[in-house]
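> In case you want the letters, here they are:
There are 2 protein chains.
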Amino acid sequence: MTQSLPVRNPRNGKYDYTIHPPEATELATICQKMRRAQTHWQAMGVAGRVAALQQWKKVSQAMLPAIIEALATDTGRKAESVLEAQLIASSIDRWCNIATEVLSQKIEKPSSIPFISIQQELEPYELVGVISPWNFPLLLSLIDTIPALLAGCAVIVKPSEITPRFIKPLMQSIAQVPALAEVLVYVEGAGQTGAQLIELTDLICFTGSVATGLKVYESAARHFKPVFLELGGKDPAIVTATANLEHATSSLLWGSVVNAGQSCLSIERIYVEDRVFEPFVDLLVQKANRLQFAYPTYESGQIGPIISDKQIAIINEHLRDAKEKGAHILTGSGQVEMIDGGGWCFPTVLTNVTPDMKVMTEETFGPLMPVMPFHGIEDAIEKANSTIFGLSGAVFAGTNEEAIAIGKRIKGGAISINDSALTAVVHEGEKNSFKMSGIGGTRMGAAAIRRFMRQKAFLIKQQAIPSPWWFDSPH
Amino acid sequence: MTQSLPVRNPRNGKYDYTIHPPEATELATICQKMRRAQTHWQAMGVAGRVAALQQWKKVSQAMLPAIIEALATDTGRKAESVLEAQLIASSIDRWCNIATEVLSQKIEKPSSIPFISIQQELEPYELVGVISPWNFPLLLSLIDTIPALLAGCAVIVKPSEITPRFIKPLMQSIAQVPALAEVLVYVEGAGQTGAQLIELTDLICFTGSVATGLKVYESAARHFKPVFLELGGKDPAIVTATANLEHATSSLLWGSVVNAGQSCLSIERIYVEDRVFEPFVDLLVQKANRLQFAYPTYESGQIGPIISDKQIAIINEHLRDAKEKGAHILTGSGQVEMIDGGGWCFPTVLTNVTPDMKVMTEETFGPLMPVMPFHGIEDAIEKANSTIFGLSGAVFAGTNEEAIAIGKRIKGGAISINDSALTAVVHEGEKNSFKMSGIGGTRMGAAAIRRFMRQKAFLIKQQAIPSPWWFDSPH
Numbered sequence: 000m001t002q003s004l005p006v007r008n009p010r011n012g013k014y015d016y017t018i019h020p021p022e023a024t025e026l027a028t029i030c031q032k033m034r035r036a037q038t039h040w041q042a043m044g045v046a047g048r049v050a051a052l053q054q055w056k057k058v059s060q061a062m063l064p065a066i067i068e069a070l071a072t073d074t075g076r077k078a079e080s081v082l083e084a085q086l087i088a089s090s091i092d093r094w095c096n097i098a099t100e101v102l103s104q105k106i107e108k109p110s111s112i113p114f115i116s117i118q119q120e121l122e123p124y125e126l127v128g129v130i131s132p133w134n135f136p137l138l139l140s141l142i143d144t145i146p147a148l149l150a151g152c153a154v155i156v157k158p159s160e161i162t163p164r165f166i167k168p169l170m171q172s173i174a175q176v177p178a179l180a181e182v183l184v185y186v187e188g189a190g191q192t193g194a195q196l197i198e199l200t201d202l203i204c205f206t207g208s209v210a211t212g213l214k215v216y217e218s219a220a221r222h223f224k225p226v227f228l229e230l231g232g233k234d235p236a237i238v239t240a241t242a243n244l245e246h247a248t249s250s251l252l253w254g255s256v257v258n259a260g261q262s263c264l265s266i267e268r269i270y271v272e273d274r275v276f277e278p279f280v281d282l283l284v285q286k287a288n289r290l291q292f293a294y295p296t297y298e299s300g301q302i303g304p305i306i307s308d309k310q311i312a313i314i315n316e317h318l319r320d321a322k323e324k325g326a327h328i329l330t331g332s333g334q335v336e337m338i339d340g341g342g343w344c345f346p347t348v349l350t351n352v353t354p355d356m357k358v359m360t361e362e363t364f365g366p367l368m369p370v371m372p373f374h375g376i377e378d379a380i381e382k383a384n385s386t387i388f389g390l391s392g393a394v395f396a397g398t399n400e401e402a403i404a405i406g407k408r409i410k411g412g413a414i415s416i417n418d419s420a421l422t423a424v425v426h427e428g429e430k431n432s433f434k435m436s437g438i439g440g441t442r443m444g445a446a447a448i449r450r451f452m453r454q455k456a457f458l459i460k461q462q463a464i465p466s467p468w469w470f471d472s473p474h
Numbered sequence: 000m001t002q003s004l005p006v007r008n009p010r011n012g013k014y015d016y017t018i019h020p021p022e023a024t025e026l027a028t029i030c031q032k033m034r035r036a037q038t039h040w041q042a043m044g045v046a047g048r049v050a051a052l053q054q055w056k057k058v059s060q061a062m063l064p065a066i067i068e069a070l071a072t073d074t075g076r077k078a079e080s081v082l083e084a085q086l087i088a089s090s091i092d093r094w095c096n097i098a099t100e101v102l103s104q105k106i107e108k109p110s111s112i113p114f115i116s117i118q119q120e121l122e123p124y125e126l127v128g129v130i131s132p133w134n135f136p137l138l139l140s141l142i143d144t145i146p147a148l149l150a151g152c153a154v155i156v157k158p159s160e161i162t163p164r165f166i167k168p169l170m171q172s173i174a175q176v177p178a179l180a181e182v183l184v185y186v187e188g189a190g191q192t193g194a195q196l197i198e199l200t201d202l203i204c205f206t207g208s209v210a211t212g213l214k215v216y217e218s219a220a221r222h223f224k225p226v227f228l229e230l231g232g233k234d235p236a237i238v239t240a241t242a243n244l245e246h247a248t249s250s251l252l253w254g255s256v257v258n259a260g261q262s263c264l265s266i267e268r269i270y271v272e273d274r275v276f277e278p279f280v281d282l283l284v285q286k287a288n289r290l291q292f293a294y295p296t297y298e299s300g301q302i303g304p305i306i307s308d309k310q311i312a313i314i315n316e317h318l319r320d321a322k323e324k325g326a327h328i329l330t331g332s333g334q335v336e337m338i339d340g341g342g343w344c345f346p347t348v349l350t351n352v353t354p355d356m357k358v359m360t361e362e363t364f365g366p367l368m369p370v371m372p373f374h375g376i377e378d379a380i381e382k383a384n385s386t387i388f389g390l391s392g393a394v395f396a397g398t399n400e401e402a403i404a405i406g407k408r409i410k411g412g413a414i415s416i417n418d419s420a421l422t423a424v425v426h427e428g429e430k431n432s433f434k435m436s437g438i439g440g441t442r443m444g445a446a447a448i449r450r451f452m453r454q455k456a457f458l459i460k461q462q463a464i465p466s467p468w469w470f471d472s473p474h
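Residue numbers (numbering that gives the first Met the number 0), protein chains in the order written: chain P, 0 to 474; chain B, 0 to 474.
Check each hint, because a few of them may be wrong.
[As the list claims (entries may be wrong)] Within a straight-line C-alpha distance of at most 30 Å, the following computed DSSO-like cross-link-like pairs (lysine-lysine) qualify:
#1 Lys167(B) - Lys108(P)
#2 Lys434(B) - Lys324(B)
#3 Lys32(B) - Lys167(B)
#4 Lys32(B) - Lys56(P)
#5 Lys357(B) - Lys407(P)
#6 Lys105(B) - Lys105(P)
#7 Lys434(P) - Lys77(B)
#8 Lys434(P) - Lys108(B)
[Claimed, not checked] Computed far set for chain P versus chain B, every beta-carbon distance over 10 Å:
#9 Gly44
#10 Ala46
#11 Ala61
#12 Leu86
#13 Ser111
#14 Ile112
#15 Glu120
#16 Glu217
#17 Arg319
#18 Gly375
#19 Ile414
#20 Lys460
Bear in mind the hints are in silico, worked out from the structure with no lab data behind them. Even glycine gets a Cβ: it sits at the ideal position worked out from N, Cα and C.
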């Protein structure tokens, strides 16, 4: 028997919810049923699938309050939960437009061989598995799912066992669109369920840590399944002396502490040209000190609790290690504060940091802002590229041209120019991860839909022409 | 010390050549040097890289006789060796044209967010490893290499230890283009060298068997490297009663026995509509019997020796298993014939075959043509899709429309319509492998170059606009 799992509430530390992962046989039955339904889903064509998703968008609106409430309980924060829930509608619309454009074309290709023509077709993978994380539980469970559905796949989603409360109201909204409910199933579960999904599906999308991503990749390889891995980051920001410091500090503060820093694309290291290091730090400290915990109510401030208790330990360890090695803590208490059972981390500006500190090399996933001076652009580039990660980054400089020239040398898939963490709001840039930050195709744009489909080529001999092969004239 | 390895000659079975795989440290040094050179290669731009490859094309022409002779000794067959060597020039030209088109564009994307613009860039992986097989030693060592070079990568190639003689003359031709010689290195070696390459490179292209492909994938996953795997096939052909049998038999004979069937895209199973089964088999047998071994000279016939001695054993086992289970052998001697130390397999038509025979489920990689009747299209589709493979296939019918309708239901990346194995000659169709036949992007067309590059997006804030974030108006 699969064990039921207790779920912690990030605002009070109580285990006040329980999930019931499916038995292995039950999960296999679900997947089998979904595969049968997928045939029909694919045959509906892109117009039919768009219609089903639009219907879901419509009916989901009535469920938004319940979804938002569940998400807020899952994550301990409200404003971001509202944003996540609103994204159901806007991302359905965006992907429906892209899918209609991508999948409606009939592609014929010229052939270099006389009397042979080429027709191209796209054929979806039948069953896609999505394993999604706890930091943006709804948003990141949909980011691969909606394009995969529009491609014609059935999609089974296993959100993190840390934030599973939103699954029930979401499934209730999906149930109102029967054609969709047959090919979109959310299941509760932890690592064991995820491991089973790798065996049962044709392609795995995983968003999460590098450590788990490595395990997913190895298991996928053993079962000969393709994977898309979106893993961690340690995104650097470079601020030159020519930058507008007022703007840079506001933007970097947002990019570092939004969702309490629990975002793969959050800024985790700030390198500032030595000449402007002091005024930069002064401004950043001033602005950070204006922020407040969203406690006792959701509306009391901007900074929510740390969602995962394991993450509380990691952030504390990074702070302990930094202090021990001589870092100066300029804001906050230098640790995650336990208040009524929840863990809260104040936006923390650190200086006197060194490259050997965990806070400069490992993913913190908290609202920490280690700031380090650099001397000359070569030094900045070297520092920015000094981790195993290569997700994204940001550059602030006097002109966009100056910033882009620096950004070209940062190893990362998306570089925000004179702003930070723009991948959170701009959905049109196509990007791949560098180094350990991921494997596989871009999640944005038309390519994000095509990665769920195999290209199939029909190579067509024109009938009337006799075969030129040597067997027709035997020697 | 790495051991030197003796190499068998497929025409006489003698071990008349030796390779000397590099030591692990030596290989690491080569790769390090190549990474340094890659920076310059990338900076040369697509025009510079095209120029270098065109220069290689030019100087390689003088080396063709030596390359052809080495290849012919490696593989025991001459005509295909000539074709492979000629492909150096034609594939350089083809890829140079595609690369110039793909990489010269500057891509700007519209953004949905006001005051933010998007620029896209493509950044090559630094060092690509290519592990290539023995059936078309030169052709398949270049198929990933040339597009990767044009993308801006350095490429280290390890051809099969079974057919390594062509490496020396090829390297001599590469040495004449110094800029290229720094970023294109062929190394001798077997599995151990291949395993080291996975650790030393950033991306692995492997062409070979499913069994080795699985090992490569698992090792790549352990080292967190992306892979492109092009593995085996068991390509089916479907022939309906409406098909032109004269044409179908000629075409399928070619598709089954070219290169003595040692091709991943060769036809390995033929399903013929029951009404025309007998006349089809009669014609196929007649035509097969016109063929001859290319023995004692290269020019004596069309069928070369089996290149790998392990493959001789596999083909013999498939024939033994088929005979034991009741198959009728209509041409040839029913086994690989050992003549003067070489192994020769006559084009073998088999009937009375059943789905439980190895010859119907496992990759034979020899000139075997098991022919099975089907009754109705549903039966044909089910039979065609009944293996773990999904590389390609062929359909012959009275009209192209009829054949395409059937081909749409075959699980495979390329379907030849009223011809067979057209992927061998048509290079413009983009295709992916289905099931166990492979993982990763298409080898044809523009996408084949882009898969060696990461997309990078610059998300650019327009300078003059003040930041809208909530930190500018603290509450």
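> Indicate, hint by hint, whether the structure satisfies it.
Structure-based check of each hint:
| no. | hint | verdict |
| --- | --- | --- |
| 1 | Lys167(B) - Lys108(P) | violated, 38 Å |
| 2 | Lys434(B) - Lys324(B) | holds, 27 Å |
| 3 | Lys32(B) - Lys167(B) | holds, 20 Å |
| 4 | Lys32(B) - Lys56(P) | violated, 55 Å |
| 5 | Lys357(B) - Lys407(P) | violated, 54 Å |
| 6 | Lys105(B) - Lys105(P) | holds, 26 Å |
| 7 | Lys434(P) - Lys77(B) | violated, 44 Å |
| 8 | Lys434(P) - Lys108(B) | holds, 25 Å |
| 9 | Gly44 | holds, 14 Å |
| 10 | Ala46 | holds, 19 Å |
| 11 | Ala61 | holds, 26 Å |
| 12 | Leu86 | holds, 13 Å |
| 13 | Ser111 | violated, 6 Å |
| 14 | Ile112 | violated, 5 Å |
| 15 | Glu120 | violated, 7 Å |
| 16 | Glu217 | violated, 5 Å |
| 17 | Arg319 | holds, 28 Å |
| 18 | Gly375 | holds, 20 Å |
| 19 | Ile414 | violated, 5 Å |
| 20 | Lys460 | violated, 4 Å |
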